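Residue numbers (our numbering), protein chains in the order written: chain Y, 1 to 476; chain R, 1 to 483; chain L, 1 to 96.
Please keep in mind that the hints were generated in silico from the structure rather than gathered at the bench. Source: prediction; values computed, not measured. The reader is advised that the hints may include incorrect statements.
What the hints assert, rightly or not - Simulated crosslink set (DSSO-like; lysine-lysine; CA at most 30 Å straight-line): (1) R:Lys-126 / L:Lys-17; (2) R:Lys-461 / L:Lys-17; (3) Y:Lys-397 / L:Lys-17.
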Amino acid sequence: MDSGGILGLTGAETAGALESGEIASDEVIGAWDRAAASDDLNSWLWLPEAREQEEATGAPVAIKDIFCTEGIPTTAGSRILEGYLPPYDSTAVAKLRAAGLPVLGKTNMDEFAMGSSNENSAFGPVLNPWDRTRVPGGSSGGSAACVAGGTALWALGTDTGGSIRQPAALCGIVGLKPTYGAISRFGMIAFASSLDQCGPLTTNVTDAAMLLSILEGRDPLDSTSTGIPGGIVPPEGEDLSGLTFGVPRSFLEKGVDPGVGDVFERSLTEIESLGGTVVEVELPHAELGISAYYILAPAEASTNLSRYDGVRYGMRVEERDLVEMYEQTRSLGFGREVKRRIMLGTYALSSGYYDAYYARAQRVRTLIARDFETAFEQVDFVVTPTSPSVAFEIGEKVGDPWTMYLNDLFTVPMSLAGIPAISIPAGLSEPAGGGPELPVGLQLAAPAYGEQKLLNASIALEKSIGFEGRTGEVGR
Amino acid sequence: MNSPDAEFEAVIGLEIHVQLSTETKMFCGCRLSFGDPPNTHTCPICLGHPGVLPVPNRRAIEYALLIAAALGCEVAPSSIFHRKNYFYPDNPKAYQISQFDVPIASGGNLAGVRIHRAHLEEDAAKMIHVGTSGRIQGSDASLVDFNRAGTPLVEIVTEPDLTSGAQVREWGQLLRATVRQLGVSDVNMEEGSLRCDANVSIRPKGSDQLGTKTEMKNMNSFRFLERGIEAEIERQTGILRNGGQVVQETLHFDPATGELHPLRSKEEAHDYRYMPEPDLVPVAPDSGMLEAAAAALPELPEAREARYRDELGIQEGAARLMSVETAWAEFFEGMLESEPEIEPKVAANWLTGELAAELRRQDDISLGSSPVTPANLARLVGMVQAKRVSNASAKDVLVKMVSEGADPEQVVVGEGLEQISDSGELESIVDAVIEANPGPAGEVLGGNEKAIGALVGAVMKEAGGRVDGGEVNRLLRERLTAD
Amino acid sequence: MIDREQVAHVARLARLKLSEEEAGEFAVELSAILDHVDLLASVDTDGVEPTTHVVELVNVLREDVPGIELTVQQATANAPESEDGAFRVPSPQAEA
Ligand SMILES: [Mg+2]
Ligand SMILES: [Zn+2]
Numbered sequence: 001m002d003s004g005g006i007l008g009l010t011g012a013e014t015a016g017a018l019e020s021g022e023i024a025s026d027e028v029i030g031a032w033d034r035a036a037a038s039d040d041l042n043s044w045l046w047l048p049e050a051r052e053q054e055e056a057t058g059a060p061v062a063i064k065d066i067f068c069t070e071g072i073p074t075t076a077g078s079r080i081l082e083g084y085l086p087p088y089d090s091t092a093v094a095k096l097r098a099a100g101l102p103v104l105g106k107t108n109m110d111e112f113a114m115g116s117s118n119e120n121s122a123f124g125p126v127l128n129p130w131d132r133t134r135v136p137g138g139s140s141g142g143s144a145a146c147v148a149g150g151t152a153l154w155a156l157g158t159d160t161g162g163s164i165r166q167p168a169a170l171c172g173i174v175g176l177k178p179t180y181g182a183i184s185r186f187g188m189i190a191f192a193s194s195l196d197q198c199g200p201l202t203t204n205v206t207d208a209a210m211l212l213s214i215l216e217g218r219d220p221l222d223s224t225s226t227g228i229p230g231g232i233v234p235p236e237g238e239d240l241s242g243l244t245f246g247v248p249r250s251f252l253e254k255g256v257d258p259g260v261g262d263v264f265e266r267s268l269t270e271i272e273s274l275g276g277t278v279v280e281v282e283l284p285h286a287e288l289g290i291s292a293y294y295i296l297a298p299a300e301a302s303t304n305l306s307r308y309d310g311v312r313y314g315m316r317v318e319e320r321d322l323v324e325m326y327e328q329t330r331s332l333g334f335g336r337e338v339k340r341r342i343m344l345g346t347y348a349l350s351s352g353y354y355d356a357y358y359a360r361a362q363r364v365r366t367l368i369a370r371d372f373e374t375a376f377e378q379v380d381f382v383v384t385p386t387s388p389s390v391a392f393e394i395g396e397k398v399g400d401p402w403t404m405y406l407n408d409l410f411t412v413p414m415s416l417a418g419i420p421a422i423s424i425p426a427g428l429s430e431p432a433g434g435g436p437e438l439p440v441g442l443q444l445a446a447p448a449y450g451e452q453k454l455l456n457a458s459i460a461l462e463k464s465i466g467f468e469g470r471t472g473e474v475g476r
Numbered sequence: 001m002n003s004p005d006a007e008f009e010a011v012i013g014l015e016i017h018v019q020l021s022t023e024t025k026m027f028c029g030c031r032l033s034f035g036d037p038p039n040t041h042t043c044p045i046c047l048g049h050p051g052v053l054p055v056p057n058r059r060a061i062e063y064a065l066l067i068a069a070a071l072g073c074e075v076a077p078s079s080i081f082h083r084k085n086y087f088y089p090d091n092p093k094a095y096q097i098s099q100f101d102v103p104i105a106s107g108g109n110l111a112g113v114r115i116h117r118a119h120l121e122e123d124a125a126k127m128i129h130v131g132t133s134g135r136i137q138g139s140d141a142s143l144v145d146f147n148r149a150g151t152p153l154v155e156i157v158t159e160p161d162l163t164s165g166a167q168v169r170e171w172g173q174l175l176r177a178t179v180r181q182l183g184v185s186d187v188n189m190e191e192g193s194l195r196c197d198a199n200v201s202i203r204p205k206g207s208d209q210l211g212t213k214t215e216m217k218n219m220n221s222f223r224f225l226e227r228g229i230e231a232e233i234e235r236q237t238g239i240l241r242n243g244g245q246v247v248q249e250t251l252h253f254d255p256a257t258g259e260l261h262p263l264r265s266k267e268e269a270h271d272y273r274y275m276p277e278p279d280l281v282p283v284a285p286d287s288g289m290l291e292a293a294a295a296a297l298p299e300l301p302e303a304r305e306a307r308y309r310d311e312l313g314i315q316e317g318a319a320r321l322m323s324v325e326t327a328w329a330e331f332f333e334g335m336l337e338s339e340p341e342i343e344p345k346v347a348a349n350w351l352t353g354e355l356a357a358e359l360r361r362q363d364d365i366s367l368g369s370s371p372v373t374p375a376n377l378a379r380l381v382g383m384v385q386a387k388r389v390s391n392a393s394a395k396d397v398l399v400k401m402v403s404e405g406a407d408p409e410q411v412v413v414g415e416g417l418e419q420i421s422d423s424g425e426l427e428s429i430v431d432a433v434i435e436a437n438p439g440p441a442g443e444v445l446g447g448n449e450k451a452i453g454a455l456v457g458a459v460m461k462e463a464g465g466r467v468d469g470g471e472v473n474r475l476l477r478e479r480l481t482a483d
Numbered sequence: 001m002i003d004r005e006q007v008a009h010v011a012r013l014a015r016l017k018l019s020e021e022e023a024g025e026f027a028v029e030l031s032a033i034l035d036h037v038d039l040l041a042s043v044d045t046d047g048v049e050p051t052t053h054v055v056e057l058v059n060v061l062r063e064d065v066p067g068i069e070l071t072v073q074q075a076t077a078n079a080p081e082s083e084d085g086a087f088r089v090p091s092p093q094a095e096a
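Could you build all of it, start to finish, from the sequences and the hints given here?
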């Protein structure tokens, strides 16, 4: 099989061809190494210069640069970690390697996963393969762009408030955020520990399930990891009969671009045509999600990012005085958005403000989780558009943090509740200001550990929407 | 308690950090060590690398439960860890994982001093200051060694129930003995496995308000702490008496000069921004863990002292020493075990009196490195008690036991020290002495009781100490009052 | 609302050195964000338990068994400055 042929296979097909001996490990790795090297979207922060002999049972995986990889530069998109070579592998990467899936390269991202556009990378923005003047979403922007752009078959991302689902939606691919705890966080550089979760970005639902089945599991190195009871098997689903989908209408009124709204309504029709039932549900506190999130996540981040102090690794600005060294190093090492969130989080935790902000946000978080519990008594899934808009232009929202934060309006509540949610391509829509059509994502959320059900429903929808083919054309 | 002054009284509370003697650190698998080359026991977790996560050491939790049980604390059904945020090179994550509003143990009491709480946390790294003076001030740089970083600690906080330096020393020694008895820590202050900070304030006698306190940090012995506290009480009393105000600060006491120095003058007000540690789940000791701790609880020094005193009739000083110093208690118990018929009170006197003195006399040998075994000392005491050997001879035997590790039986038999028990032999010596000392004998006969001493001495000398003084006395009297 | 003085205090706590300009911008931006966040005050959270994380586990512990340690070389390999196997930092003496 020639290189082009290999690049045209899905993850499952590649595994099959390797197993049957139809293709060899080095051919697969070589084909993807060449594809990755051809990237012109700034998707990659690191690609191997030479490769030692590696055995593969599937296509190599693009790894978001937030995962520590032994001896391989790991920056989390930040200057403060420039030159850092981790002495260990994250559990997620170790599991992929053990399963015969080598590291293809490390992908660009918003600094410390803080962003929804990838414009916050210290190493430059990533371009959306559908329209290079637009953002790919974030923070897993490099992982989404390389998969959509065809320079990787699949990728690992992380999602704290939407960082897998939103870029997947904006790039027209599949992105899954599993239940909090399903996949070990060990070695995944922390942004907001109580929300961070690793997950796959792929061109199709089957591949997402395949990566998830490798990655999930309780890890003795992560006290908060649980795995997924029963594990994950290849998803199957032809129709949606007997399944109920809840639409939180009043929540969605908070602002969806008309084009996105149209695609979303068509998806609901699609669900019904597959035998599913669509009903309305209430998530009365979901609209507070962004407010709670922008206290909780920065608060956790402010302490997680305190370790970058120029003492043990990473960048240091030499100063004779210790405090001066700390302050100069951190001020130069961190980008603007990271500093903004450290400031916000430090403030929210500081003496006199803790109860008003942090403790209150934690209580609102409880209310949001309860909303979902109540909703799931009536429905199997909650569905929303993944993002209120299609990919926006580079630079369009950088001046106004809150407007940028609203990109995650529909993804944050699931993160706060710790439940699994997937974004699958639902169709194309014209951007609000006009221009070529861009992908729109459909988000489905399920109760904790409901990944298998989620994947089964998604594959039925994927088949009937028929978006899969179009993803493959972009950039290839 | 002695108070600083007739007008004022001191109020003292302690914060004691106990390093647990687990095999590995609190949240990672690195070994605990002391004195090893810098950074030879580290991993990404205790170096605070990006992406790492803590997982608590089960044994550290068990040790904390044991301490809680020993101090009579209540164990929280579910306690959580917090992050205590501050920047310092010895704090690799820039937050210490500690416990805040729900510690694992609270409320308790040791010898009348109330325990406020006991919580689990991780130790900081070690910093060595290099440069011109070796002290922090004026040094150019510091070297950081993370071997100690992440060592499990239990921090014990007392209520301000102590009132003098001497009481702090005594109570501190009891606490140290108690923790040592549990086998959960080396409690070595010089090596830092036990560290004690004291909060000292002064108030008018009888007042129920607390004055401004100062903190005395990390003295490396309870003696120094005692002296430091006394000096601080005097200083604060002086300030108050002159109408001044005590300033809240952290002090260092220099035992060499007896002076107190403020430790950090320009320190900003702390704002630790405590937050629940999202990387850890609660510790909720189940009944199995609690029962295991209760079952593992040994007899503790406080209870042991009472038993020695009240049940075994041992003098207070000896009972205290043998309770607070585990090695002495173990030696004592070993003696009773190997010779169950010996009198505990006599055994205690031989151990804490004669043996202790002889060890001190011979090069300050410690009990641990003394060649005298509990069984050997017990045998010697047994021989004294059975009157096989006189008190005086036994002391000579003890000297050889300490210097040569000699077996008492062999010394006694080999040197013919066995007491003369044949009354015929003793009687003939007595008769000979009376005959040889007509003067004193006549005085005794004439009613001068005191004169008998010279005769007793002469008999003992003649018999080479192998006789019982009481028996000699009895025989002499018998002869000299006989008609 | 967060004023410049608070911004300076928070920056100090977070060990960030802000320029005059940055401090002013942060005061504006953070105030704007906090205005939105103040929405949280509109809900009644009395009697609602705070969520620290969503995992309902207790006693996830490890056995007291030694694991793999780094060599001194590995430990200090990433250090900006090291000396005799230790990490070298500027003296923590109070600022001049
Ligand atoms: Mg402490
Ligand atoms: Zn370690």
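Original post:
Can you list which hints this structure breaks, lowest number first?
Top reply: Hint check: 2 fails alone, others pass.
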